[in-house]
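Kindly produce the complete structure, drawing on both the sequences and the hints.
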Amino acid sequence: MTIELTVVPCLSDNYAYIAKDTATGAVTLIDAPEAGPIMEALKAQDLKLDGILLTHHHDDHIAGVAEIRARTGAKVIGAAADRHRLPPLDVVVEPGNQIRIGSDDVQVIDVSGHTVGHVAFYFPQSGMVFTGDSLMAWGCGRLFEGSPAQMLESLRRIAALPEGVIVCSGHEYTESNGRFALNLEPANPALKSRMRDTMARRGRGEPTVPSTLALEKATNPFLRADDPDLCAALGLPSTASALDVFTKARQAKDQF
1 MTIELTVVPC LSDNYAYIAK DTATGAVTLI DAPEAGPIME ALKAQDLKLD GILLTHHHDD
61 HIAGVAEIRA RTGAKVIGAA ADRHRLPPLD VVVEPGNQIR IGSDDVQVID VSGHTVGHVA
121 FYFPQSGMVF TGDSLMAWGC GRLFEGSPAQ MLESLRRIAA LPEGVIVCSG HEYTESNGRF
181 ALNLEPANPA LKSRMRDTMA RRGRGEPTVP STLALEKATN PFLRADDPDL CAALGLPSTA
241 SALDVFTKAR QAKDQF
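Its first residue numbered 1, the sequence shown is counted upward by one per residue in the UniProt record's numbering.
Source of the hints: derived by calculation from the structure; they are not laboratory data.
One or more hints might be untrue.
Now the in silico label distances, taken between C-beta atoms and shown as ranges [said to hold, decoys possible]:
1. G96 with S147: 17 to 25 Å
2. G25 with S241: 19 to 27 Å
3. A160 with R83: 20 to 28 Å
4. R71 with T22: 29 to 37 Å
Derived lysine-lysine pairs resembling BS3-like cross-links, with alpha carbons at most 27 Å apart [claimed, not checked]:
5. K48 with K20
6. K192 with K248
7. K75 with K43
8. K192 with K253
9. K20 with K75
10. K217 with K253
11. K75 with K48
12. K217 with K248
13. K20 with K43
14. K217 with K192
Computed from a predicted model, the values in this text were never measured in an experiment.
Where is the CB? At the ideal position from N, CA and C, for every residue including glycine.
Shown next as structure tokens:
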């Protein structure tokens with residue numbers, strides 16, 4: 001692994017990530033909810049910011065960009081499909097592109113669903129994926145613009161990455177997501193174990209992110225649409241498709 005990662009709490013429950021490449025010294029920010037805490041974290045570590053990666057256009061992920069760019073000169077990188085509603089971009093990318101950042105050939109992944117045009121950034125050499133509000137710790141983003149089918153396919157793209165990948169998502173929603181998962185399957189030992197760990201971390205005032213893809217695949221209901229136990233927990237027949245299961249789970253979470 002070539003990245004030293006700093007998780008920066010922002011706003012009420014957002015996270016930004018500062019990724020320093022230890023081999024080259026390149027420093028990259030992923031999402032910019034607000035400038036103050038991010039600039040403080042950079043100053044505390046005496047880091048010069050080189051680039052800002054944006055996952056999607058929502059204000060709680062981009063509101064700090066203008067000030068941070070003005071103070072650091074960092075280049076802003078975002079998706080072509082979102083260009084019209086992101087801050088001005090220095091580098092425009094599309095799903096399937098690779099961009100060299102430090103020692104990593106970063107892959108741009110389409111994760112539309114929460115929004116259309118949402119992207120994730122996969123750092124394969126470092127084993128990290130920055131997912132914004134697509135795959136989240138123990139959950140997934142609400143479908144504001146995309147369809148269940150879009151989000152399911154997006155999550156499957158992430159799930160196809162190596163299981164050891166570290167998942168860096170955008171919010172501190174883990175406890176509430178876990179309560180939903182346990183409401184569906186209260187006897188599931190993997191869920192109960194994760195909730196104990198989640199509550200212990202929150203009790204210490206620690207972030208519950210990042211997580212790992214292996215943990216998400218084992219416990220996240222939105223990555224378990226093919227699991228017959230989850231299908232039964234949702235009251236669906238055994239013949240239900242993975243899309244049926246995902247859709248029912250997302251509807252249930254919206255109403256939880």
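Hint check results:
no.: 1; hint: G96 with S147: 17 to 25 Å; in the structure: holds (21 Å)
no.: 2; hint: G25 with S241: 19 to 27 Å; in the structure: violated (48 Å)
no.: 3; hint: A160 with R83: 20 to 28 Å; in the structure: holds (27 Å)
no.: 4; hint: R71 with T22: 29 to 37 Å; in the structure: violated (24 Å)
no.: 5; hint: K48 with K20; in the structure: holds (10 Å)
no.: 6; hint: K192 with K248; in the structure: holds (22 Å)
no.: 7; hint: K75 with K43; in the structure: holds (18 Å)
no.: 8; hint: K192 with K253; in the structure: holds (18 Å)
no.: 9; hint: K20 with K75; in the structure: holds (15 Å)
no.: 10; hint: K217 with K253; in the structure: holds (18 Å)
no.: 11; hint: K75 with K48; in the structure: holds (12 Å)
no.: 12; hint: K217 with K248; in the structure: holds (18 Å)
no.: 13; hint: K20 with K43; in the structure: holds (13 Å)
no.: 14; hint: K217 with K192; in the structure: holds (15 Å)
Violated hints, in rising order: 2 and 4; the structure is consistent with all others.
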